[in-house]
Amino acid sequence: MSTSDVGREGVRGARPDREAMIGQGGHPPDGRGGRRRGRRGEKAMVPDAEFGSYYGKPILNPPVWKAADIAGYFFLGGLAGAGSVLAAGSQLTGRPAAARALKISSLAAISGSTAALIHDLGRPGRFYNMLRVMKPTSPMSMGSWLLAAYGPAAGAAAVLDVTGLFPRLGRAATAGAAVLGPGVAAYTAVLAADTAVPAWHEGYRELPFVFVGSAAVAASGMALAAAPPRETAPMRTAALCGAALELGATKLMERRLGLVAENYREGTGGRLMRAARALTVAGAAGGALLGGQSRTAAVLGGAALLAGSACTRFGVFHAGIRSAEDPKYTVVPQRERIRAREAEPA
Amino acid sequence: MGFFTDTSVCIGCKACEVACKEWNAVPEDGLEFTGMSYDNTQGLGADTWRHVAFIEQDRPVSTRPDDGTVPSADGNGGMRWLMASDVCKHCTHAACLDVCPTGSLFRTEFGTVVVQEDICNGCGYCIPACPYGVIDQRKGDGRAWKCTLCYDRLGVGMEPACAKACPTDSIQYGPLDELRERAAMRVDQLHDMGVEDARLYGHDPEDGVGGDGAFFLLLDEPEVYGLPPDPVVTTRDLPSMWRHAGAAAAALAGGLAAVFAAHGLRDHGLRGGTR
Ligand code: SF4
Ligand code: SF4
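Those protein sequences? They're chains G and L, same order as listed. Letter by letter, the first sequence follows residues 987 to 1332 in my numbering. Letter by letter, the second sequence follows residues 187 to 461 in my numbering.
Bear in mind the hints are in silico, worked out from the structure with no lab data behind them. Every residue, glycine too, gets a C-beta built ideally from N, C-alpha and C. Nothing false has been slipped in among the hints.
Computed footprint of chain L on chain G; a stretch qualifies when at least three of its residues, placed anywhere within it, have a C-beta under 8 Å from a C-beta of chain L:
(1) 1041-1050
(2) 1312-1322
Sample of chain L residues lacking proximity to chain G, with all beta carbon distances greater than 10 Å (derived):
(3) Val204
(4) Asp215
(5) Val342
(6) Asp363
(7) Arg366
(8) Val381
(9) Glu382
(10) Leu386
(11) Gly397
Straight-line C-alpha distance at most 27 Å; calculated BS3-like pairs for lysine-lysine:
(12) Lys1121/G x Lys1052/G
(13) Lys325/L x Lys1043/G
(14) Lys325/L x Lys1052/G
So that you can see chain L by itself, here it is in the shape it has in the complex (with noise of 0.2 Å):
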């Protein structure tokens, strides 16, 4: 199960992020001024489990102004907002599960990713680990929280709360393969309409991190929205720093004993002492 949030239909009302924070009781985490367009909580983090991202840019809506469907300002071009709720990618290759020494984060029964917190210690090793920049240590908590994709809603068969709460069904919910064939048709129909910039994004189960239970359309580059646009599962790479840590370790243990060896003893050594 998990999300596909169509980017396209968001107005940007954030009722994702306040139902999100409602049910889940995550505390308010600063009211701040950031120039950022109308965003006011600026990114995921420990406190914010859905972003909406708004983003102002000096094109047009449409990369066919002239077929009159999509009304343009005049010939700048215009400008268009992109907005967008983000939120945890739930993984199929999660990196902050492979990472966490405790076993506190763990798959659920449905293919999500969820921290308990309290068997998080607080070692911090998750956050720099997710590829995404998802997961945060909570101040003066120190413990690490995120999405929880509502696993206690979906235990009674309930949607989770920021898709209940959406009013264009930019967030929905579902089993994956069921999201993925409705996103790519929705693709084909924007392009129909002219918006060639429409993608899906995190889809594909195989990409860097196995597909993300939480995917998206956009309509620009993922960069553009804050999302890396080429992630992969640190531990991916895993055997392989062993192996290198392994020769380093081997190196360190091989070299001292051989500068030992052709020292020799003290006593015999020719290089063994000055005095």
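In isolation and in its complexed conformation, chain G is listed as follows (with noise of 0.2 Å):
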């Protein structure tokens, strides 16, 4: 029904003149990015990044993988491999209760992470399409040969070991299990940088690095945990480099990120990664100056610790997740990388 009534003097009662509503595509009429940092009222560190973007939608294709899978496989993957090593050097330097606990530690932690693989494709039968070719190009495919060649070594380590069959075929395995251990833990960090994600990708040098920790940190903190402390001297020690390597990358990488570094601060991500220092420092000081005298101690701190690797490895796989949802940390850092090549000749 109209409410506007045309008489001598003119049209009365018309609508007012409005401005059409111009959507929010391109650069916005602030001549911002869609999200703003600073919601709860807290100092912005950095200024606003400035930036276009298409109504705020990502730009990227956001990873589909669960975290509980996917990040679940890489902490998992990480207590296996670094595990595997305590055990040999547990071995071989006359600590058999404590190699014992990290051989069947490191089957099940590998077992459960081939699982939680097998969950996030869908059908088991699909675990073994990876292994229709072998390509360098894919760390995904290089993994799975990895874990195919790493989980029946660990399997007869810790078979063999419980069953005490065939000793020095024993030997070998928890040797092979040993040696691919630290590709195992490693590797997973480059299957999360070979990817557009700003968070993962911009820290490929380091992430290895807060992965390798983060794994010596879970292994020793299972050490801990089960085995008697008389035998877990070394284990300490290597919960605390494992600790300090740790956070020690972890700095250095945000230092590198720059501006993307807010993923591993702000959000779920920071959440979990501040959750992950805490626990690995109080694990790691705990474990190291009590675990030897008291086996509460002992199992207390290396809870701890693998809390503290499953929270850095969670808050890693958020930190990037956050990182491919806002179009933000895509556009700004590749505008940078263009100013600076263009400012490079001159």
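Make one complex out of these two single chains by using the hints.
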């Protein structure tokens, strides 16, 4: 129904003129990108990044991986891989109980990580597909082959130790798993970094060190929790070294990432990274200082180390997802790259 | 062979989106009201292989509004619509193809990049690897899908369905050299007309992905269209990634060996036990 009325004086009661609502595509009216920082009144350390975007939609398609599967896969792979090295070391230096516990935990962890991978793929048959080809350009292909070699070695090491059968074969399997273990712990960093996800790709230099540090933390935590204190002295040192490596590499990575490092400080990823730091420091300190005297302290410290390592992997995972979902982290660093390139020849 | 998409003549009719869906039997993926201008498909995905973007901007059509060639509203500068049909770029160095662990993605004899759906095992690795956010996982199917550049049509000498359907020839299909030549001419023409914002995107074989098999003429920065300004194929850094991972693995093995060496045998070690 019309509410306007045309009379001698012209139109009365017409709707007021108004400007068409022009959408938020391209450069938003305030010249800023879709999302802003500092929502809760916190002071922004870096000035807001200005960038254009298509209605704030992500540029990348974020990973479809489920956190529990893939971050869990990263964590369990690290626990297994570093555990095999500690198991071999324990065996060689006369620490049989620790060696056995670590071999069992490595077998359990690698089985769990394979299950997580298969769960993410959806059908067991799809894991065999992974072995159709061997592709050095695909970290997932290389990782599947690594897993196919490491898994049986870790399994044989555990089974032969527990049953006491074929001791020579057992030693060979233990050594084999120890040789492949560090690869299993480190390759998952390449798996994540070989994507366009800004928080993962740009950290590709430090991420493997974060991952192996975190793997050492997890495996020594497992040893502290599962082996008698009289055997775990090297594991307590390993926990300290692993924690130092992990925290140091994380710091370095955040410095290199610049704007993208926000994803490791804010949101779910930030919370998990903070929890990881607290748990790892507490576990390493408590486990190292008291784990030799008290079994309770060792178990608690070990549990904290394991939880800390898991938080690191989940933190890295969520930081990556967050960085892929906000176009800012794709556009701004690429713009800076273009600017730097243009400035170069001058 | 490839695509040249000249967005300056796109009228946003979405014939390409529809033709693509029809020809390739791509399932429906939700009819939502997005509030994003006239865009109801939002972006490329498993079930949207061509996507028409609608950008409403508070800017005049021409950067020279006073020369009489292009009418502009008033002192405010008026507004303009940018419409652009986006598609898989069929990168010369395709990250999706590089990282696929099953070899499901392959390069065709036309230089395009195609997924074989019977081999894809749904690992989802190609999805975050694509620097353009093109390939995606189909819900309930688990496998990855994207534009095939109508591989089946090319095989029998036909042009892709989208190019065939485009009423303004905004989408052109042909040998890349020829398309690049035509594109360069069109940019000059637009510059002469005062449209100084016209630029090509993805045409340069020296860029981070070795040039795109599908390139574009844009009227604004790429990010305004939801395109990355400086995409790089992620596997360019892969050798360095493997080196860093190798160093990290060696550090782990070496570090732990050193720890055990420092502690020595349990029976003889100084700090071997506290009992
Ligand atoms: S645009 Fe993405 S999906 Fe298309 S070929 Fe390049 S990397 Fe692959
Ligand atoms: S989802 Fe399919 S096409 Fe993509 S990388 Fe995995 S196997 Fe290859």
